[in-house]
Amino acid sequence: MGSTGETLRNLLTLAWLLPLIGFLVEIYALCWTHRLSKAPAYLAVGCIAAGFVCSFTALMTWGVQTDWVVFQSTHHDEHHEGDHHGEQHHADEHDAETAHVAEPAKTDEHHKHAEKAVASAPADALAATHADHAAEHGDGHSEEHAAKPTVFAGTFYNLGSFGPLKISLDWYIDSLTLVMFTMVTFIATCIHIFAMGYMQDELTEDYVDHEVHLANHEHFHRPGRFYRFFSFLSLFCFSMLGLVLAGNIFQVFIFWELVGVCSYLLIGFYVERKSASTAANKAFIMNRVGDFGFLIGLMIIWTSLGTFQFFDSVDAEGHTSQVGLFHLIRGTTGEMQLSADGQQVLLQNEVGELLTAGENLRSIPYWLLVTAGLGIFAGCIGKSAQFPLQTWLPDAMEGPTPVSALVHSATMVAAGVYLAGRFYPVFTPEVLLVIAYIGCITLFLAATIAVVATDIKKVLAYSTISQLGYMMLGIGVGGWGAGLFHLVTHAFFKSLLFLCSGSVIAGCHHEQDMRKMGGLWKKMPITAATMLVGVIAIAGLAIPGSQAVLGETFAFSGFHSKDAIVATALAYTKLNAVHGLLFLAPLVTAGITAFYMFRLWFMTFAGAPQDEHVYDHAHENPAVMTGPLLVLSLLAATCAIGGESGPLYKLLALSEAVPAGASTAPSSPVTIVLPTHGQVHAVHATAGKFALLAAGLGTLVAYLLYCRKALNPAEIGRQFSGVYGFLVDKWRFDELYDFLFVKPAHSVGRWCQGFDKVVLDGVLHGASSLVMLVSTWDRWFDERMIDGLVNLVGQVTGQAGRSLRVVQTGHLRQYVMWIAVGVVVLFAALFTALPK
Amino acid sequence: MVSPELLLTAVVFLPTLWALFTAFFEPKATEAIRYFGLFGTALTFVLTLIVLWQFNPELDVKETHAGYQMWFQMPWVPDWNVNYSMGVDGISLPLVVLTGLISFLAMLASWSIEKHVKGYVILFLLLETGMLGVFLALDFFLFYIFWEVMLLPMYFLIGIWGGPRREYAAIKFFLYTLAGGVLMLIAMLMLYFNSGRSFDLITLAEIGQGNIAEYVFSPTFQIAAFILLFIGFAIKLPAFPFHTWLPDAHVEAPTPISMILAGVLLKMGGYGILRIAFPICPYGAQYCAYGIVALGVFSIIYGAFAALAQTDFKRLVAYSSVSHMGYVLLGMGVWKISENADDAVYYWQMGVSAAMFQMIAHGISSAGMFFMVGVLYDRVHHRDLNKFGGIAGLMPQYTGIAAVLFFAGLGLPGLCGFIGEVFTVLSAWQYDHMLAIIAAGGVILTAGYILWTIQRVYFGPSYKGPHAEAIVPANSRELLVGYVLLAFAILFGVCPNLLFYEMNPTIERFVHQVDAGYDKALEQLQAAPPEGVETTWIP
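In order, the protein sequence lines correspond to chains G and P. Everything in the first sequence is counted per our numbering, starting at -5 for the first residue and increasing by one. Everything in the second sequence is counted per our numbering, starting at 76 for the first residue and increasing by one.
Same shape as in the complex, but just chain G (with noise of 0.2 Å):
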């Protein structure tokens, strides 16, 4: 097992690192290359081709161990179940079946329940546990995803130890690393491959950019900056998979930061253009406003729980020296403990015992977590886009299309929701309520201004934004595994359709308003054919009545996916029915979705030409970008294969920490139940079908209005042109922000500013002109009364002095006269004076 763990670990990190070497090379390529070299391009793909090999080998390794559960027991329809309860039957009886595993600790009694410790080394430390054996032993009370999940972690180093408190870089392997590195490196080779042909007019020692408006109206030249293209691109790479493999919540922090500044860099990657480093700025002072939240959230569990760490450590004796974050919560069985009054949250510890400090039981204050809670996904909402902070992400397309494709749409974003479903065992029912609605006005919002968007990387843009809406929102109704299964699928079909969009433009010299193309299929075929399947993939298309005939409906990925995010929300909103919106708001906007989707292929490929100019001088692209495209095209297609019941979701599903059906705490002021499997599965068939009449409505009234010209959509446009304008103008969230907190921010720098010059040099100046003042009086004081009163002594002697001169006569008898007088005088003085 320890070796399996090394092993997962030494390749995932060769995976990881590979791309930050490649960085490293490829930012100086000028120094070994020529600017015209495609060199650092074949490096940075061989860099994350080979991390897919690895990540791959990695999940092969995991299958090997799990005995590749996955595959097995597909029949997850005939496991009729529902109560909860069998989950802990469930648990006891594969102890027998656990214990096997993990040979150090089979004499420990308290490892019971799954959870093993193999030490290796103080840092590197293997929690491991067994998988889910449930396929293999199915009985007739067994829920899926009870037994706790195969891990594997350790530390790489420490960052910093203060007494008993450390920080460390970890790393945590489970299935849903696997699949997420996988899935990353895989769709990062592809857009890579496609960028080295999109990027192509980079190669040269001369690019004009169009879009630099120079005061003297020439166009603005520069040499080109392929090399530097594809070394952000494996630094993003970097970032993003160092994310994934990260073992505690600060190292998920440092590289969110990273991926952060790498989006900067690549959104950025036109520095001449406003637009383009306007965009930048704002992508990154917007994640960081979600950032702030994510400190919070940091500062919280640090102070309270006094880990960051997601798994136990194990020191050399192979005892817990830390218990992770996660038994701390949920202990092994994934419930919370709730102390008697319902306010405080008791800690767990590796074996699901309460913990104690002294003669009290440890714990946090349950409003304390919520906050925790609520403060990290305050950094997911930056990260994906969700409402409140959604603005930046179409603003974000100012970056070269490859980037759009691979950051802002399949990996970077979609890190929000990898850390929401990472994190979800901290979260309390009510957070996830929160992270629900968040996902649910997020999703609809951002499918009305797509509806209404004309350029074709802002409409995917915004459905981008509306599909995650979609994965919060499925993970905040408890259904954690369908909103990862819609992370993946996502990723796929969204990055093939801005590959094909960037196809397109690519194609159309640069042009990106989808009013000016019209009819492109005949002269670029096999985008066209590559995006109508991801077009179906997002609408979320099937053959209704194929289950009849192949056993499973006929979908492309997005069906699946979608639909098990919709079956979630209905079965929630059955337990909780004030929260109807939550199942509503996803089905109307399955509908818009499908709309406007059709409506961007419509516009795009069907029909008439619009521009002559554009549509002359349209072509296909090279095999080296349509190459890509195909591939992507059939994952897209086929990666969710089987739904709920298939290799993928079950993968996903082996990672489910917390059991499906928690409910809020008694005291908590909202009254929440989350759906159980048995209750989702319960309402699939019915949300399955709503959802696809929703999307093939919205289908059919996209062909009509776009396809069949049925009726003129303009027109529509004019008619609610109040609507429309508000739309257009993406809900006027802009303009909002800025006069709430930028304008506002300047103002408060200025006054800052002002308070330094008037106050508190005003004060200073003023002290010292007073001092000058006390100074100046000094002087006068000086020269006029001390030297004038030494002057006046002076002056009084002299003027005494020639006084007596009158006195001094020369005559002896005048002078024996005086001093007779004198005698006489001084003897009356002392005869009249002295003491008797």
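No lab work stands behind these hints, which were simulated from the structure alone. None of these values were measured; they are calculated from a predicted model. Idealized CB from N, CA, C, for every residue including glycine. One should not assume that every hint holds.
Facing chain P, a subset of chain G residues (Cβ under 8 Å, in silico) [claimed, not checked]: (1) 152; (2) 265; (3) 269; (4) 283; (5) 715; (6) 718; (7) 743; (8) 755; (9) 758; (10) 815; (11) 818; (12) 820.
Some chain P residues flagged as far from chain G (calculated, every beta-carbon gap over 12 Å) [stated by the list, open to error]: (13) 77; (14) 118; (15) 156; (16) 190; (17) 256; (18) 412; (19) 598.
Chain G is already provided as a structure; the job is to place chain P on it using the hints.
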């Protein structure tokens, strides 16, 4: 093993000796003088590295002199009980090495100084002696002497080689620091006459922590002394509202002096608080802790807002220093006394460590930022943020280094600024929720002003200011300075434990001792003052 007397004396006075030699140079031989000065600073840096090499953070405290290694003491003015006493521990060591490094780099950046090179180099070297002396002195009188010694060269360096308003800035700097010095002097004399005439910092700390039976610093006395010392050091740090000397001094000072000012001089304030104010007046420190933290948090936010409003590049960086040094105060002050003090003291330890880390990190990143401003100023002779643009295309490699250094200031993970900022903020929550949240809000503002600056200066299609023809790519000397700072920024960002390893045992001891000192003062406050013990203010 070099004898500590020799080694530490050499570290401090080698620059003085070099200054003396420089005096014999022909004033016109500017290039020779520069290289000679550079050699002197390089040699001093090597000596500080030897100190680093000889220092063993894991050494048992019993084998050290009250935690100080390489400690020595010899009488200087026996009548007054003044000693020539030095030593290093985990708090002073990183700052000594930082001083050696930044002085060397600043000298390397001094090639742009054309006027009176000989005088410049002499004053520069004297300044370095003052700085190193402050960090190494363990006698309060000696500390005070070095503190004032450093003042004079700085005054002339700003006043002669500075910009148009140099006289104003130099006098402002001088008066502010002098005022701080006077407060420190009063506190020093208070301590001296209440401790049986001792200037020894170790003895004073022992008395302050209640470990010496004959003398006691009463709680009220501690509060008074602490406030005097704190204001004296806060002026240097600088904390709001004593910070207005800093932007003026920075704007007028020549580039290398700005590097020294931001990189080393500001750290003296933080160092003084840790070395003198806290250990000698634990009760006073705890009494004022909330004020310290609040002042730190306010400085963070205030400095960031003020930076947002600047149009002068250097002034912006100066205000960013005010903001970043606020984290130092924040980290130091998060000393919470609670029932489960065992836990709280570790968070305070983290805060102090992070504050120290922040000082080093800021020494690297802000020195780097000032240097980057200086490189541009040398070319175009203006600093108006609205008249830049397009530098990225004209000076690509320089822009890359500058961007990383600015990002280090922004607190990007993987670079040094991140660890200091985030660790201080993390340690703050247990102290006060509200202040911690406000401090965390600083990350947004910092990102705002730094990114906006980068956009205005480096991005955009074309340069908008005068002397466009003078913008040439950075030369190898400039790149060397940049890359060295860059390397340290990344090194400490990726492996912060390198630094924490040196500091940890000292800081752990520090927090526990000061904590115990506070408890003793508290006991004393609750009990009646013991008979026959001098507790009055004036002897």
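* **Minimum Cβ distance from residue 412 of chain P to chain G greater than 12 Å, as the annotation requires** => holds (16 Å)
* To do: So, residue 283 of chain G near chain P? Judge it on the closest CB pair being under 8 Å.
  => holds (6 Å)
* To do: Verify that the Cβ of residue 77 of chain P lies farther than 12 Å from every Cβ atom of chain G, and report whether the claim holds or is violated.
  => Given that every Cβ of chain G is farther than 12 Å from that of residue 77 of chain P, nearest at about 31 Å, it holds.
* Asked: Taking 12 Å as the cut and beta carbons as the points, is residue 118 of chain P off the interface with chain G?
  -> Correct as stated: the minimum Cβ-Cβ distance to chain G is 32 Å, above 12 Å.
* Asked: Close enough to count: is the Cβ of residue 715 of chain G nearer than 8 Å to one in chain P?
  -> Since the shortest Cβ distance to chain P is 35 Å, the answer is violated.
* Holds or violated: is there a CB of chain P closer than 8 Å to the CB of residue 755 of chain G? -> At about 5 Å, which falls below the 8 Å cut-off, the nearest Cβ of chain P leaves the hint on residue 755 of chain G intact, so it holds.
* Would you assess whether residue 256 of chain P, listed as outside the interface, keeps its beta-carbon beyond 12 Å of every beta-carbon in chain G? => Its Cβ never comes within 12 Å of chain G, the nearest being 17 Å, so this holds.
* Are residue 743 of chain G and chain P close enough, Cβ to Cβ, to be under 8 Å, as the hint says? -> Where the cut-off is 8 Å and the nearest Cβ of chain P is about 4 Å from residue 743 of chain G, the hint holds.
* Satisfaction of the residue 820 of chain G interface hint, Cβ to chain P closer than 8 Å -> This interface hint is violated because 51 Å lies over the 8 Å limit.
* Is the interface hint for residue 815 of chain G satisfied, with its Cβ closer than 8 Å to some Cβ of chain P? -> Result: violated, 58 Å to nearest chain P Cβ.
* To do: With chain P as the partner, please determine if residue 818 of chain G meets the hint condition of a C-beta pair closer than 8 Å.
  => Check failed: Cβ of residue 818 of chain G comes no nearer than 58 Å to chain P, outside 8 Å.
* Asked: Do the numbers back the hint for residue 718 of chain G, that is, is its least Cβ distance to chain P under 8 Å?
  -> violated (33 Å)
Hints 3, 5, 6, 10, 11 and 12 from the list above are not met by this structure, while the remaining hints are.
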